[in-house]
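Listed below, chain by chain, are the residues.
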Amino acid sequence: MRDNTLKYVLVLPAVMVVFATAIWPLMESARLSATVGRLNRPGSLDQYIGLENYTWAFFEEPAFWNSVWVTGIYTILTVGLTTIFALGLALLLAPGGRLRSGVQTLLILPFAMSPALIGVSFRFMFNPEFGLFDAFFGAVMPPLADVSWLADPTLAFAVCVMADVWGWIPFLTLVLIGGLASIPQDTIEAAQVDGASGWRVFKDVTLPQLAPVLAVVIILKSIFSLKTFDQIFMLTNGGPGTATQTLSHYIYFNGMKYGQIGYAASVAWLMVIPMILLTYLYARFVFRKD
Amino acid sequence: MAEVILKNLTKRWGDFVGVDNQSLDIHDKEFLVLLGPSGCGKTTTMRMIAGLEEPTSGEIWIGERKVNDDLPKDRDVAMVFQNYGLYPHMTIFDNIAYPLKVRGTPKADIRPRVERAAEQVELTQFLGRKPKALSGGQRQRVALARAIVRTPKVFLMDEPLSNLDAKLRVTMRAELKHLSRELKVTTVYVTHDQIEAMTLADRVAVMKHGVIQQLGTPDEIYNDPANLFVAGFIGSPAMNLVRGSVKDGHFITVDGVRLSTIASEDRNEVILGVRADDINVHEAGAGDIDTPIYAFENTGEASFLTVVWGDQRVIARGDRHLRKEQDDVVGLTLNPDHLYLFDPATERRIHL
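Protein chains in written order, with the working numbering: chain C, 1 to 290; chain B, 291 to 642.
Chain C extracted, bound-state conformation (with noise of 0.2 Å):
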């Protein structure tokens, strides 16, 4: 066989397993996105009905809308709430930080946890009966001592968020301590010499190094926030009402629990639309020559 021709059968096998597992279900999650689709009615899967589901997602869901609004809100106080303290931390850890070494090793731990275990440990530390936070923040701010935390909306969801900050803090860290360790410790040393003081130097010379690592972790994690299920499903299951359902939440509800497997696929055809743009902008970043 030529090396031509053994190149391209070499590589078969890995397309198809690729085919098999992603091509196809993303092609038939499009079909199904254009049918009737409910899991109850038979044919119902083949019976077109053009963008009917997009429309009615559009102008007949106020769910949707909530969900779009819940996610969006999640994902912009989760992305900030996580970058601005992993930046923290990150600058406390770096070399030449004021922290060093065993902390490092500690600060992975949340990340070892999975999502849906956080979830559990946080429902479990948030009851109102015998919750460790539930009693810590009774115990300091007086007027929460009372609360049913993941009964009340806002609070339910400011759980959820700080549920997903504490998971993620440790990656963003270690990724934006890699970062820092890669600026040439000189360039810092050249400005405190040229008379910039630690604010200047971080805001004029650390920052604008920083920058390209820093998008990258702000896009990753914007990816990971818009996707968010396990998480919440464990945490509060959407509720209390739709008060943190999140758009995964909302599609795996109207497939899974309603059976509306078309209009379900029409709207995770919709989150794909900001994924895309994020992961273009993900690769712009990485793979930027400079």
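Calculated from the structure, these hints are not laboratory results.
Hints are supplied without guarantee of correctness; some may be wrong.
Unchecked claim - SDA-like mimics (lysine to any residue), calculated; alpha carbons at most 25 Å apart, straight line: (1) K420(B) <-> L207(C); (2) K457(B) <-> A592(B); (3) K356(B) <-> I49(C); (4) K319(B) <-> H379(B); (5) K391(B) <-> F202(C); (6) K319(B) <-> E293(B); (7) K422(B) <-> M462(B); (8) K422(B) <-> G178(C); (9) K391(B) <-> Q372(B); (10) K420(B) <-> L458(B); (11) K614(B) <-> A592(B); (12) K614(B) <-> E637(B); (13) K443(B) <-> T300(B); (14) K420(B) <-> K227(C); (15) K420(B) <-> F285(C); (16) K257(C) <-> I49(C); (17) K203(C) <-> P421(B); (18) K203(C) <-> A592(B); (19) K203(C) <-> D359(B); (20) K457(B) <-> T441(B); (21) K227(C) <-> P62(C); (22) K203(C) <-> K356(B); (23) K203(C) <-> K420(B); (24) K420(B) <-> A211(C).
What the hints assert, rightly or not - Where chain C lies over chain B, by a calculated footprint (3+ residues, C-beta under 8 Å): (25) 296-305; (26) 355-364; (27) 385-398.
As the list claims (entries may be wrong) - Label pairs and their in silico Cβ distance ranges: (28) N453(B) <-> L6(C): 45 to 51 Å; (29) V501(B) <-> W166(C): 51 to 57 Å; (30) V286(C) <-> N453(B): 27 to 33 Å; (31) T414(B) <-> G80(C): 43 to 49 Å; (32) W166(C) <-> K356(B): 27 to 33 Å; (33) V9(C) <-> T461(B): 28 to 34 Å.
We put the CB at the ideal spot given by N, CA and C, even for glycine.
Following the hints, put chain B in place on chain C, whose structure we already have.
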């Protein structure tokens, strides 16, 4: 304009002593070179003056002010780093302007001053570029321009030429010298290159193991080395150091070769120092010692002959027209006015 005074300056990391109880007065407008092999504490000394390293003990004075507790930004020094330390995300203009900007110089003053500094180092046409787009030598100039754009009390230069190729280093050395004589600002310059030290310095401080071995003008450290280390470190090729003894006004190597008359009393164990320049090469029979050549090297501008006495090698410098072959016999004469004796135990110079 200021003098820099170090008083009993010490830097320790755990058990390791980087700089050991060092005192040094650097005069106003002086160009002082800290010279020594890597790990001798020269860079640490400079970094303590800059405020980038905190001394374990001792005092640092710049001008009338003790600066131990001042942050680098408050010490009014300018530093040129070995890797230049340019801000990669800023244009050359912004790089040079940065010290002015952070010190609150009025905007209208910044442009003319940056342009003048750029002119002094011939960078004017590159002001719009980023450091990445410049060659090593040009980046070096940017670092220099950033230092001279304002008039600090002290310039600190940490091996600024060591990342340049050999040819560029010679050019930049001359430019640095010219610039420093024009600016007349107290300068501390760190290098491990003795040629740089010799050519640039008003005074050189030769360091080893965190201690200054000798402080003096280039002439003094070259012609009047205080100990074996300085003698062996300064000069290229390095000074020949030959073990032997002095008997009846003659130096005799440990292998019994009678080298030269020397104005010294009898001594059992000494080390004779003689530079390659101070060994005259003659035809066989015409010098004091006839000896075969171990290796002959012609560099174009001079010729170097290596001879071997026992296990000791000695290099002599011959005329650039001299042509010899290995194993040819030549006559050597040591210049009796430029011989040095050292005590092998203390490594100190024995003054004749």
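Structure-based check of each hint:
1. For the given pair, K420(B) sits about 17 Å from L207(C) by alpha-carbon distance, which is consistent with the 25 Å threshold.
2. Simply put, K457(B) and A592(B) have alpha-carbon atoms about 19 Å apart, close enough for the 25 Å limit, and the pair holds.
3. Pair hint K356(B) plus I49(C) does not hold up; C-alpha atoms about 83 Å apart against a cutoff of 25 Å.
4. Pair hint K319(B) plus H379(B) does not hold up; C-alpha atoms about 34 Å apart against a cutoff of 25 Å.
5. For a cut-off of 25 Å, the pair hint linking K391(B) to F202(C) stands: about 15 Å separates their Cα positions.
6. Restraint check for K319(B) and E293(B): the C-alpha separation of about 7 Å stays at or below 25 Å, so the hint holds.
7. With a CA separation close to 20 Å, the supplied pair K422(B) and M462(B) stays within the 25 Å bound.
8. Of the pairs offered as hints, the one joining K422(B) and G178(C) holds, with about 22 Å between alpha carbons and a cut-off of 25 Å not exceeded.
9. For the given pair, K391(B) sits about 23 Å from Q372(B) by alpha-carbon distance, which is consistent with the 25 Å threshold.
10. For the hint pairing K420(B) with L458(B), the CA-to-CA distance comes to about 21 Å; that is within 25 Å, so the pair holds.
11. At roughly 13 Å between alpha-carbon atoms, K614(B) and A592(B) fall within 25 Å of each other, so this suggested pair holds.
12. At most 25 Å may separate the alpha-carbon atoms for a hinted pair to count; K614(B) and E637(B) exceed this at roughly 35 Å.
13. Simply put, K443(B) and T300(B) have alpha-carbon atoms about 23 Å apart, close enough for the 25 Å limit, and the pair holds.
14. Under the criterion of a C-alpha separation no larger than 25 Å, the hint pairing K420(B) with K227(C) is inconsistent with the structure, at around 39 Å.
15. For the given pair, K420(B) sits about 20 Å from F285(C) by alpha-carbon distance, which is consistent with the 25 Å threshold.
16. Between the alpha carbons of K257(C) and I49(C) the distance comes to roughly 22 Å, so the proposed pair stays at or under 25 Å and holds.
17. With a C-alpha separation of about 19 Å, the suggested pairing of K203(C) with P421(B) holds against the 25 Å cut-off.
18. The suggested pairing of K203(C) with A592(B) is violated, with an alpha-carbon distance near 56 Å, which exceeds 25 Å.
19. Note on K203(C) and D359(B): the hinted pairing holds, with a Cα-Cα distance of about 24 Å set against a maximum of 25 Å.
20. Proposed proximity of K457(B) and T441(B) is contradicted: the alpha carbons are some 29 Å apart, above 25 Å.
21. Proximity of K227(C) to P62(C) is assessed by CA-CA distance (about 20 Å); at most 25 Å being required, the pair is judged to hold.
22. Between K203(C) and K356(B) the alpha-carbon distance is near 29 Å, which puts this suggested pair outside the 25 Å criterion.
23. Annotation: proposed proximity of K203(C) to K420(B) holds, straight-line Cα distance about 19 Å (limit 25 Å).
24. With a C-alpha separation of about 17 Å, the suggested pairing of K420(B) with A211(C) holds against the 25 Å cut-off.
25. Against chain C, the stretch 296-305 of chain B contributes 0 residues with a C-beta closer than 8 Å to a partner C-beta. That does not satisfy the three-residue criterion, and the hint is violated.
26. Requiring three or more residues with a Cβ within less than 8 Å of a Cβ of chain C, the coverage given for the stretch 355-364 of chain B holds, as 3 such residues are present.
27. Only when three residues or more bring their CB closer than 8 Å to a CB of chain C does the claim for the stretch 385-398 of chain B stand; here the count is 4, and the claim holds.
28. At about 48 Å, the beta-carbon gap between N453(B) and L6(C) stays in the expected band of 45 to 51 Å.
29. About 53 Å separates the C-beta atoms of V501(B) and W166(C), a value consistent with the hinted range of 51 to 57 Å.
30. Separated by about 30 Å at the C-beta atoms, V286(C) and N453(B) satisfy the suggested range of 27 to 33 Å.
31. Between T414(B) and G80(C) the beta carbons are some 44 Å apart, a value that agrees with the proposed interval 43 to 49 Å.
32. The given range of 27 to 33 Å is broken by W166(C) and K356(B), whose C-beta atoms sit roughly 48 Å from each other.
33. Between V9(C) and T461(B) the beta carbon distance is about 60 Å. The supplied range of 28 to 34 Å is therefore violated.
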